[in-house]
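Assemble the dimeric complex from its two separately framed chains, guided by the hints.
Chains A and B, in that order, are what the protein sequence lines are. 1 is the number of the first residue of the first sequence in the numbering used here; add one for each residue after it. 1 is the number of the first residue of the second sequence in the numbering used here; add one for each residue after it.
These are computed hints drawn from the structure, not numbers from a lab. Quick caveat, the model's predicted, so the values are computed rather than measured. A couple of the hints might just be wrong.
Stated by the list, open to error - List time: in silico EDC-like cross-link candidates among lysine to aspartate or glutamate, alpha-carbon distance up to 20 angstroms:
(1) A:Lys204 x A:Glu425
(2) A:Lys204 x B:Asp45
(3) A:Lys435 x B:Glu164
(4) A:Lys416 x A:Asp12
(5) A:Lys435 x B:Glu162
(6) A:Lys204 x A:Glu428
(7) B:Lys50 x B:Asp32
(8) A:Lys346 x A:Glu281
(9) A:Lys435 x B:Asp138
(10) A:Lys435 x B:Glu159
(11) A:Lys204 x B:Glu137
(12) A:Lys435 x B:Asp16
(13) B:Lys50 x B:Asp16
(14) A:Lys416 x A:Asp272
(15) B:Lys50 x B:Asp23
(16) A:Lys435 x B:Asp23
(17) A:Lys204 x B:Glu46
(18) A:Lys204 x A:Glu429
(19) A:Lys435 x B:Glu165
(20) A:Lys435 x B:Glu137
To be verified - Selected chain A positions facing chain B (Cβ under 10 angstroms, derived; list incomplete):
(21) Pro130
(22) Leu137
(23) Phe141
(24) Tyr203
Even for Gly, the Cβ is constructed at its ideal location relative to N, Cα and C.
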Amino acid sequence: MSQLTYGQVDRDILRAMEAPGRRYYIVFLLNFLVLAWGAFAWRYQIVHGMGVSGLMHPVMWGVYITNFVFWVGIAHSGTLISAILYLFRVRWRASVYRTAEAVTVFALFTAALFPLIHLGRPWFFYWLLPYRQVGGLWVNFRSPLVWDVFAVMTYMIISMLFFFTGLVPDVAVVRNRTSGLRHRLYAFLAQGWQGTDRQWRHYKAAYIFLAALATPLVISVHSVVSWDFAQSIVPGWHSTIFAPYFVAGAIHSGLAMVLTLLIPLRRIFRLDAYLTQSHLEHLAKLIILTGLIVGYAYIVETYIAWYSNNVPEWQRFLYQVTGEYAIPFWIMILFNSLIPLLFFVKRIRTSTPWLFAIAILINIGMWCERFVIIVTGLAHEYDPYSWGLYFPTWVDISITLGSFAWFFFWFLLFAKFLPVVSIVEVKEELPPPMKAITVEG
Amino acid sequence: MARPSAGLVGSFRHLDSLLQAIDRLRQAGFRDLQALSPVPHHAIDEALHKPPSPVRVFTLIGCLLGATTGFALTIATSLHYPLITGGKPIVSIPPFLIIVFELTILFGGLLTLGGMLLNARLPRVQIVPAYDPRFSEDRFGLWVRCEASDFDTVTRLLESAEAEEVHRVGE
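This is chain B alone, in the form it adopts within the complex (with noise of 0.2 angstroms):
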């Protein structure tokens, strides 16, 4: 099924409205679901059953990625020009370990943000049309993405539950 492209936005003045929409439009089988709202809240990902982020996954393999590259990279190049310096041999773990340890903070970092840019569609160009700069200052915003037949019933769900305004968006 194509997913619709068109759509309805709700805007709400406060958090407990924006959560019983969600509920209620959930209920009534609507799941393709978008919350926007000023500041991240716990309550509107359980609303919306959206599962952990992947980003965890990204942290961990930077982090494995880093500490490989410190090993292979200290001690490839020392066993390429054995040169012995302050009379300890040639492969000495414990200094390499520093640099094992900054590279493994090092890609975790660099790849935890790559899997925040990719998992959350950052960065991006356009603004979906569903967006409204009130919803960065204290309105939440919910959009509801349903094909022109549902309209009516997704207008009358979301003012059931305090809308102050409905509006739609795209084609």
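Just chain A, with the same shape it has in the complex (with noise of 0.2 angstroms):
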């Protein structure tokens, strides 16, 4: 990347931005047709009630909540790599970052909407928020569903201006070089950028505060979602590894979820120069880092329901692996926790269709996962008596495919109208142009 100028890195990048051609038009159409779907079978859900998707008694919460959790979860890795890594100061990030900050972004619109469409009255969703209700009476913050709110809120809102105060000085090399309408969008995005010391000396201060704060929140926010579960008394879900658990799983999905995306991207907008070989190898290398956590979270759990001696605990294990659910939990072990480690391979882990592939796979075993720990442990409660199955229907698949439809149709748009890759990082990793012909150190 070394022998990149100032002036080739702003060619490039903005290259992508061009009107598109036909192939794209196709796609966005196509994904536009499977959201529209998505949106009519949420109507016909809102008509007819919730009878209409597969949620019974006792699993109440189906692939509505898998889903909120799986698009939360791929929001995750977002953060990890703009923040994380911005603080660690790794700098392979820089060509990276912004696709998995737009990742978060998008990610998390897609999961707000989950809470939302599996309430049966979505217009009552503001009973959720703090404010005096009728008789005084406030929400209850002993509820960890009233802490999901407040966590995934602050999460959302605190990447939103993550992402636009790092696309500011970027959307200005945008504004120089349009016209008309695009510059007028454009130089409304750049807030009147201009590069003076005194904008950057505050930016540089505010951006890294930023990250400093999306750190911790960024771990807070799975640990949360992992105590609507585990706050319960549910068995397998009543458990303390809940939260790291959650959290390296997230992270998790969101590298491959990051993955599946780059890969198409760096071939469709030929940015070799900018995501090399080298970035997907470290992504591919922080997969085997979440996927052998994940792996040791999955033998603890097993080892803790045994070794508890509580029988529950132990006949939902043993349900979860025979019972009518065991092939999600198997593509789950074998998805999430044994095949990236072939990742230790140079020769795969180097190899674009095996990175491909691979990402794609733990995007299945990690959306498995959230569907097995959800409705197994509601499907095999305590008695017997009360035990049921849960299989989506038409509905709840429908909903399903529109939401991955809404999260395609955020990154189309993106890739098409904002810089891809970000312009100012990667200049910053460039060796700034000087006079004196200084020694490379």
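Quick look at the structure:
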């Protein structure tokens, strides 16, 4: 990357923002049709009631909550890459962080929909917000669901702040190169940025504090989500390892999603000089780490279920590995903790087709993990009399597909309207132009 | 002394030329300098002798405010309508700490943003006349505000540091 000049960086990255070709429109339209179908299914559910989904006693949390946990998890790797690796001064993050951060913001847009979709009367969602309700009643601050509202809303606001703050100097570059309506849009987004020393000084200071605030936040968010489960007394949920287990799983799935999106992006926009094979390899190495933590959590969970000598706990475990939902369970074990170990082989983690295939498998595996945790927990509680099964109907499935389309809708717009690689941060990684030829140290 | 509205802008191809120009101008007594650059660089701040950004104070105030709000909101509303849930005390601090934590981060982040906007004078509708699109691409600019009588001296100093071009801005 060191042979690049500042001017070349502008040209290469802005090339991705030129008018899209026919293929882009076709993909966009197909995606939009799936989104419209999902929206129709939600409308159908609102009109006819929750009975049209597969939710039925005792499994009152189905794929909607699975999707909620899954998408919040996807968001986490973006903050890991943009904030935590920023604080650690990891140089390779410069090229990937913009995409990762976009994944965070759009995944949260998607996640935030699911608690609403899950409500029978979504127009009363504001009952969850802290305000003085009829008779002077306030929300119950001892309830994990209220913690969730605070955690997810804070996370969404802070990651949007972080995303847009990082964009401002880049958008100023775009502003200078466009005209007409587009110019006015970017001029608005750039907020009058001109790169004076005063602006840079305060900008850098604010950026590092936002990173420092986002770092503990990201860990807290999935911990709080895990407490939605761990605070209950459902066997298999009531466990102290849930918070670290969920955070590691979140980053695991998020890294896989970032890989899934970066690999096509790099090819379509010819960004090989910026998103090199070594960037993908670094991500694969992080996946090994998170995959090992997730695998360790699976083992601990099993061990505790056995060692606790608690009958419902152990029964529930046996049900999980042999019952109606055994297939997603074994998919989860295989795809999340065993297949990522292939990345220990250098030939595999430096091969793009392998990376892409394994990333997709991890996405599937992590979705199954959330499904297994939520559904088998509720389907097989203490009393055999209250055991029951849950299978998603076409409404559940359509809304789930629609949520992926909703995520890709935003991502497709982002890929065309904003610089997918941070211009300023890539330039910062280059040696500044010097009159005196200095020896690279 | 009123701040001169007019000034000269020098444009540089190299970072070290810009730093040299800053040093020479400061030695000659011109202190009202503003650098424009495509990337931030510590060397520029050091050459201009700028104090550290006060944004951190905003962050601290935001965090303290957030924590206070978190405690006040949870404790006051629980006392206002005392309803025992789960056999826990009315003021149960451990779960409330989660709300306190989230609000600490939220307010801290919002005030950090506010502090940046306030200190960096953003957003602005009018771009300063010294700005040139190239200063966001691959050139460094130095804006020297001075009296018309000093223009010759400043031009000479800028050119001695290999400014590519020097032009007048403002009235």
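Hints, verified against the model:
1. For the given pair, Lys204 of chain A sits about 12 angstroms from Glu425 of chain A by alpha-carbon distance, which is consistent with the 20 angstroms threshold.
2. Our distance criterion of 20 angstroms between C-alpha atoms is met by Lys204 of chain A and Asp45 of chain B, whose separation comes to about 12 angstroms.
3. For the suggested pair Lys435 of chain A and Glu164 of chain B, the alpha carbons sit about 12 angstroms apart, so the restraint of at most 20 angstroms is met.
4. Simply put, Lys416 of chain A and Asp12 of chain A have alpha-carbon atoms about 14 angstroms apart, close enough for the 20 angstroms limit, and the pair holds.
5. A distance of roughly 10 angstroms separates the Cα atoms of Lys435 of chain A and Glu162 of chain B; the hinted pair therefore holds under the 20 angstroms criterion.
6. A hinted pair counts as satisfied when its Cα atoms are at most 20 angstroms apart, and Lys204 of chain A with Glu428 of chain A qualifies at roughly 12 angstroms.
7. In summary, the hint linking Lys50 of chain B to Asp32 of chain B is supported, as the alpha carbons are separated by about 12 angstroms, within the 20 angstroms threshold.
8. Taking the CA atoms of Lys346 of chain A and Glu281 of chain A, the gap is near 9 angstroms; set against the 20 angstroms cutoff, the hint holds.
9. Restraint check for Lys435 of chain A and Asp138 of chain B: satisfied, since their Cα atoms lie roughly 14 angstroms apart, inside the 20 angstroms limit.
10. For the proposed pair Lys435 of chain A and Glu159 of chain B, the alpha carbon gap of about 14 angstroms is at most 20 angstroms, so the pair holds.
11. Straight-line distance between C-alpha atoms of Lys204 of chain A and Glu137 of chain B comes to about 18 angstroms, which keeps the hinted pair within the 20 angstroms bound.
12. A threshold of 20 angstroms between alpha carbons decides the hint, and for Lys435 of chain A with Asp16 of chain B the separation of about 6 angstroms falls inside it, so the pair holds.
13. Restraint check: the Cα-Cα separation between Lys50 of chain B and Asp16 of chain B comes to about 18 angstroms, which is no more than 20 angstroms; the hinted pair holds.
14. Pair hint Lys416 of chain A plus Asp272 of chain A holds up; C-alpha atoms about 18 angstroms apart against a cutoff of 20 angstroms.
15. A threshold of 20 angstroms between alpha carbons decides the hint, and for Lys50 of chain B with Asp23 of chain B the separation of about 13 angstroms falls inside it, so the pair holds.
16. Restraint check: the Cα-Cα separation between Lys435 of chain A and Asp23 of chain B comes to about 16 angstroms, which is no more than 20 angstroms; the hinted pair holds.
17. Between Lys204 of chain A and Glu46 of chain B the CA atoms are separated by roughly 15 angstroms; this keeps the pair inside 20 angstroms, and the hint holds.
18. Between the alpha carbons of Lys204 of chain A and Glu429 of chain A the distance comes to roughly 15 angstroms, so the proposed pair stays at or under 20 angstroms and holds.
19. Among the hinted pairs, Lys435 of chain A with Glu165 of chain B is consistent with the structure: their alpha-carbon atoms are about 16 angstroms apart, no more than 20 angstroms.
20. Only pairs whose Cα atoms come within 20 angstroms are accepted, and Lys435 of chain A paired with Glu137 of chain B is accepted, the gap being roughly 17 angstroms.
21. Proximity of Pro130 of chain A to chain B holds as hinted, the smallest CB-CB distance being about 6 angstroms (cut-off 10 angstroms).
22. Given hint, Leu137 of chain A at the interface with chain B, holds; its Cβ is 6 angstroms from that chain's nearest Cβ, closer than 10 angstroms.
23. For Phe141 of chain A, the suggested interface contact is upheld, since its CB lies about 4 angstroms from the closest CB of chain B, less than 10 angstroms.
24. Among the interface hints, the one on Tyr203 of chain A holds; its C-beta lies about 6 angstroms from the nearest C-beta in chain B, closer than the 10 angstroms criterion.
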